[in-house]
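Enquirer: Chains A and B are the protein sequences, given in the same order.
Numbered by this note's numbering, the letters in the first sequence go through residues 1 to 123 in order.
Numbered by this note's numbering, the letters in the second sequence go through residues 1 to 217 in order.
Keep in mind that the hints were calculated from the coordinates and are not lab data.
Beta carbons are placed, not taken as given, at the ideal position from N, Cα and C, and that holds for glycine.
Where hints are given, some of them may not hold.
Short, incomplete list of chain B residues facing chain A, as computed with Cβ under 10 Å [claimed, not checked]: (1) 12; (2) 15; (3) 21; (4) 22; (5) 23; (6) 27; (7) 39; (8) 43; (9) 70; (10) 109; (11) 152; (12) 153; (13) 154; (14) 158.
Over 12 Å on every C-beta distance to chain A, these chain B residues come out as not near it, computed from the model [to be verified]: (15) 17; (16) 24; (17) 26; (18) 28; (19) 34; (20) 36; (21) 54; (22) 56; (23) 59; (24) 87; (25) 151; (26) 161.
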Amino acid sequence: MLWLPILGLVAGVVIGALTTFVIPFQYATYLSIILLATFDTVMGGFRGLLQKNFDHKLLYSGFIGNTLLALALTYLGHRLGLDLYIAAVIVFCFRIFKNFGFIRRILLDNSKKRQRSRQKEDA
Amino acid sequence: MNRKVAVVTLILFCMLAGGLISIQVHSQEYYSTDLSRQSISDLVILLHEANKHRLELANQQRNVAESVSRRAAESLTEAELLSQLQQEQTTLHIANADCAVTGSGVTICFEDDSSLLSNDLLNILNELWGTGAEAIAVNDIRITNTSSFSTTVKNHEVKLTIDNQPLFPPIYIRAIGNSDDLVAGVTFPGGIIDNLRNLFNVQPVITKEKELTLPAA
């Protein structure tokens, strides 16, 4: 079941590649921020799924809230002449790496458990 | 049930992420081909490459033109050759301003208060030659390949001379040739007239003429 979201990612890339839509230059930063927020949500969702405490309300609210906050920071940065969006980028990247670390550990633990149970069965 | 909802939600978010990646990549590729988004150093490199390419093409064009004229000369009869030489002679007479010329063309008029310098004048004349002017005169002084231009400043007054003859405003530049080409050649955005208008507030009046007569030198 876990490969289905990856298939969704590929489908999204293909659909996006088929469109010829180009975002205006002044909004490129905002799109990058939304992209990072989406990745952060995906990683958080994977972690929740593996830890069996997935809450879709938490996921949606996190995505919308984080995206809006990051976009507001970016807009404010543009108005003030400060690169405030970098703060959002750092936070999102930090969260993505943190969640990736958790996912990695969970997958490794699961694989170890499977190995042990097989060894027990063999014994 | 909860796991299914989670997977469907993740699929949706993954699709969104994939779509956004594609759009972002599209957009970045588009920006990289847009000249207005390039850095100055990149534009300089592009300009160098374009100039190099232009020179190569100009060389090719010259070689092809030489080859065409050689072949044409080989295939011409005596009468055709004579007529061609006469045409060339007429062209040279016109270029040397040996005779008066009549034809359609363009008039560029600079009013009294225009602070026109000899360099500006030279640039305009070069643009006119470049766009196919057959003959040019400035205030009835015919321009040839030996014409000299100078600017002198006396008592805060700019004085222009051509072949040591002073030019008094208003200055009229008259050129014979295809009037549409000549106007397009001097008025393109970023060109000499555009710069004079936007940077120095010099407002020349450009008029297409059906018939112009330029005197001999």
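Enquirer: Mind listing which of the numbered hints don't hold for this structure, in increasing order?
Expert: 7, 8, 9, 10, 11, 12, 13, 14, 15, 16, 17, 18, 19 and 20
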